[in-house]
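Participant: Just so you know, the sequences run in chain order R and W.
Just so we're aligned, residue 1 is where the first sequence starts under the UniProt record's numbering, counting upward by one.
Just so we're aligned, residue 1 is where the second sequence starts under the UniProt record's numbering, counting upward by one.
Among the hints, erroneous ones may be present.
[What the hints assert, rightly or not] Restricting the straight-line Cα-Cα distance to at most 20 Å, the calculated cross-link-like pairs of lysine to any residue (SDA-like) are: (1) R:Lys226 x R:Thr212; (2) W:Lys170 x R:Ala175; (3) W:Lys297 x W:Ile166; (4) R:Lys170 x W:Lys297; (5) W:Lys149 x R:Asn312; (6) W:Lys266 x R:Thr212; (7) R:Lys193 x W:Asp282; (8) W:Lys297 x R:Lys87; (9) W:Lys170 x R:Gln167; (10) R:Lys170 x W:Pro103; (11) W:Lys170 x R:Val246; (12) W:Lys193 x R:Ile287; (13) W:Lys265 x R:Asp299.
[Said to hold, decoys possible] A few chain W residues that face chain R, going by a derived Cβ cut-off under 10 Å, partial list only: (14) Gln174; (15) Pro197; (16) Val241; (17) Trp254; (18) Glu258; (19) His260; (20) Ile287; (21) Asp299; (22) Gly303; (23) Val305.
[Claimed, not checked] Beta-carbon label-pair distances, calculated as ranges: (24) W:Asn269 x R:His260: 34 to 40 Å; (25) R:Gly185 x W:Asp104: 33 to 39 Å; (26) R:His285 x W:Gly146: 56 to 62 Å.
Calculated from the structure, these hints are not laboratory results.
Glycine included, each C-beta is placed from N, C-alpha and C at the ideal position.
Here are the chains, one letter per residue:
There are 2 protein chains.
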Amino acid sequence: MDGYRVAVVGATGAVGTRMIQMLEETSLPIDSIKYLASKRSAGQVLKFKGQDVTVEETTPDSFENVDLALFSAGGGVSKKFAPEAIKRGAVVVDNTSAFRMDPDVPLVVPEVNEQALYEHKGLIANPNCSTIQMVVALEPIRKNYGLKKVVVTTMQAVSGAGNLAIQELKDETQAYLDGEEMQAGILPASGDKKHYPIAFNPLPQIDVFEDTGYTHEEWKMIHETKKIMSDQDIQVTATCVRVPVVVSHSESVWFEIESHDASVKKIQNILSDAPGVVLQDDPEHQIYPQAINATGKKDTFVGRVRADLEQNNAFQLWVVSDNLLKGAAWNSVQIAEKLHELDLLRVPK
Amino acid sequence: MDGYRVAVVGATGAVGTRMIQMLEETSLPIDSIKYLASKRSAGQVLKFKGQDVTVEETTPDSFENVDLALFSAGGGVSKKFAPEAIKRGAVVVDNTSAFRMDPDVPLVVPEVNEQALYEHKGLIANPNCSTIQMVVALEPIRKNYGLKKVVVTTMQAVSGAGNLAIQELKDETQAYLDGEEMQAGILPASGDKKHYPIAFNPLPQIDVFEDTGYTHEEWKMIHETKKIMSDQDIQVTATCVRVPVVVSHSESVWFEIESHDASVKKIQNILSDAPGVVLQDDPEHQIYPQAINATGKKDTFVGRVRADLEQNNAFQLWVVSDNLLKGAAWNSVQIAEKLHELDLLRVPK
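Let the sequences and hints guide you as you build the complete structure.
Facilitator: Quick look at the structure:
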């Protein structure tokens with residue numbers, strides 16, 4: 001075998017199409033590729049490096065002769081088919097929330113906890129988009145200064161809710177500009193009872209509400225951060241907001257560190273050397289990360305590094321990244337690349 | 001005299017037109033009204049309660065026989081003409097930042113510090129829009145539990161930057177939908193060097209940058225909050241973000257209180273009785289404040305009240321209000337109503 005036999009589950013979705021793009025660009029050796037999706041999408045023809053690939057309906061047997069399966073077709077699909085894939089010898093990188101908090105499943109952002117890959121039992125979970133870019137920015141700071149507490153407010157793009165949500169934003173926006181009524185059918189959460197317009201209207205709900213008053217998206221940011229950083233004592237609290245943006249999440253992050261010896265300059269230096277981070281921080285010349293500039297790029301962009309002027313161990317950041325790439329497709333393919341590099345791209349016996 | 005002779009300075013602007021609307025609805029007795037603006041806007045004809053009023057160019061003599069002058073035409077205009085108005089016997093309510101931090105000028109949100117009106121010397125400053133709605137929500141909590149620290153992230157509507165910024169958002173949005181290039185000429189700050197698209201792109205800059213790395217808008221939230229609440233020890237830090245929204249600011253507010261005896265339920269009860277606040281907080285039924293619902297209303301809408309799950313004296317709120325009404329025009333007219341009620345609508349000898 002020269003390369004891997006790869007399957008993309010959810011190939012027609014907003015993340016799936018980016019997974020294909022990331023696989024076209026990867027250094028990972030690929031022998032063959034298979035696009036899987038629901039029955040509804042089967043028969044569609046997509047490209048891979050210029051060649052036609054017909055989308056097939058996902059069945060257990062789809063995973064025969066597959067070495068690597070990238071899943072991004074919803075938690076239900078992952079729960080049903082990931083075990084079938086692993087049983088047939090495929091390593092699964094799952095972009096859904098189905099297995100993220102399973103103690104037997106590594107939850108990996110390569111820049112942060114690559115070493116967790118050694119523990120995999122056939123399945124590695126890709127964290128939530130909003131968590132990934134935050135931990136990429138905070139990990140180098142945590143390593144140097146310790147991390148006590150994080151208060152984050154996100155401004156998340158609608159593409160995190162899929163292609164239909166992108167279309168909904170565009171349709172509502174055009175209706176608003178034309179003075180017509182906006183029709184909401186998907187956002188804030190397709191599975192919830194009520195739907196509200198997102199055009200020109202930030203919605204402080206992503207995913208459904210928990211009993212605590214937090215949404216499940218906020219819950220994910222809190223608990224995934226602790227798991228990825230392997231530290232249950234880091235306090236994290238979050239407000240997750242959907243905003244009228246197509247691609248790339250922006251995050252306002254306040255954080256408290258253990259050390260009292262940090263400074264804006266030192267943190268900027270740490271970030272400019274950090275893996276996966278691009279520091280864009282020059283207020284004098286109005287340089288700071290923006291969603292439209294981050295879109296299509298694999299990096300996490302960090303700027304507006306500044307001190308809490310009244311607490312000498314607290315700072316703030318503005319963190320922007322393409323939610324479909326580093327937040328999903330790229331992080332998944334990057335995990336596969338790391339597995340290959342560490343000779344872990346096989347289901348352990 | 002049966003009523004007051006009122007002048008609106010900046011009558012044709014985004015805030016000015018709302019000031020006129022608020023004056024049409026006010027219980028304040030009004031004998032006559034005068035619309036003032038720049039030379040460029042002079043000659044336009046606007047309505048007041050169905051009657052035509054011709055906009056006049058602002059000159060020092062415009063304020064002869066004026067009892068109350070509402071200013072919202074930029075700091076430069078206020079600096080030049082507010083002293084002329086006061087000299088001629090008018091009480092000035094100024095919506096610009098020109099005099100807000102002057103120790104001799106009360107900075108007033110009637111729900112919070114009405115008593116400061118007794119100290120006025122002819123001029124009362126109206127705080128910054130993003131500050132007003134935050135202090136309306138936090139003051140009742142501060143009164144009950146003490147307030148130690150606030151970490152706020154705003155999502156501010158473009159109307160805060162005026163009518164031209166609204167048009168810029170709409171033009172850019174249409175260009176984006178049509179697949180054309182977006183042309184930015186005003187935002188993030190008309191007076192700054194570079195301009196970036198706001199359509200589908202949150203911009204973490206409102207007003208210009210200070211040496212600390214904070215923008216002047218963030219500086220305002222920090223220092224105006226301390227002044228309005230008469231407590232320099234309240235720690236406040238802010239990230240102010242312009243978002244593609246036409247009207248109404250949304251704010252994610254994390255705060256720490258002195259007391260360890262508060263609860264979500266108690267805070268909800270306090271907020272539901274608080275002046276100027278409408279509690280919209282029922283996650284189970286997806287009830288929370290939204291910009292499109294707050295627009296055109298005078299109240300501050302508060303929801304998503306929840307506990308910081310790892311710090312028992314910290315909580316979070318989602319606060320939404322019409323930035324042109326409570327954030328500007330309504331707060332100014334409300335100040336005038338209070339001055340009248342307290343028999344203070346005259347320049348002290």
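Participant: Now, for every hint given, state plainly whether the structure supports it.
Facilitator: Results of checking the hints against the structure:
no.: 1; hint: R:Lys226 x R:Thr212; verdict: holds, 18 Å
no.: 2; hint: W:Lys170 x R:Ala175; verdict: holds, 12 Å
no.: 3; hint: W:Lys297 x W:Ile166; verdict: holds, 19 Å
no.: 4; hint: R:Lys170 x W:Lys297; verdict: violated, 27 Å
no.: 5; hint: W:Lys149 x R:Asn312; verdict: holds, 14 Å
no.: 6; hint: W:Lys266 x R:Thr212; verdict: holds, 15 Å
no.: 7; hint: R:Lys193 x W:Asp282; verdict: holds, 13 Å
no.: 8; hint: W:Lys297 x R:Lys87; verdict: violated, 59 Å
no.: 9; hint: W:Lys170 x R:Gln167; verdict: holds, 18 Å
no.: 10; hint: R:Lys170 x W:Pro103; verdict: violated, 48 Å
no.: 11; hint: W:Lys170 x R:Val246; verdict: holds, 16 Å
no.: 12; hint: W:Lys193 x R:Ile287; verdict: holds, 11 Å
no.: 13; hint: W:Lys265 x R:Asp299; verdict: violated, 42 Å
no.: 14; hint: Gln174; verdict: holds, 6 Å
no.: 15; hint: Pro197; verdict: holds, 6 Å
no.: 16; hint: Val241; verdict: holds, 7 Å
no.: 17; hint: Trp254; verdict: holds, 5 Å
no.: 18; hint: Glu258; verdict: violated, 16 Å
no.: 19; hint: His260; verdict: violated, 16 Å
no.: 20; hint: Ile287; verdict: holds, 9 Å
no.: 21; hint: Asp299; verdict: violated, 17 Å
no.: 22; hint: Gly303; verdict: holds, 8 Å
no.: 23; hint: Val305; verdict: holds, 7 Å
no.: 24; hint: W:Asn269 x R:His260: 34 to 40 Å; verdict: holds, 39 Å
no.: 25; hint: R:Gly185 x W:Asp104: 33 to 39 Å; verdict: violated, 55 Å
no.: 26; hint: R:His285 x W:Gly146: 56 to 62 Å; verdict: violated, 41 Å
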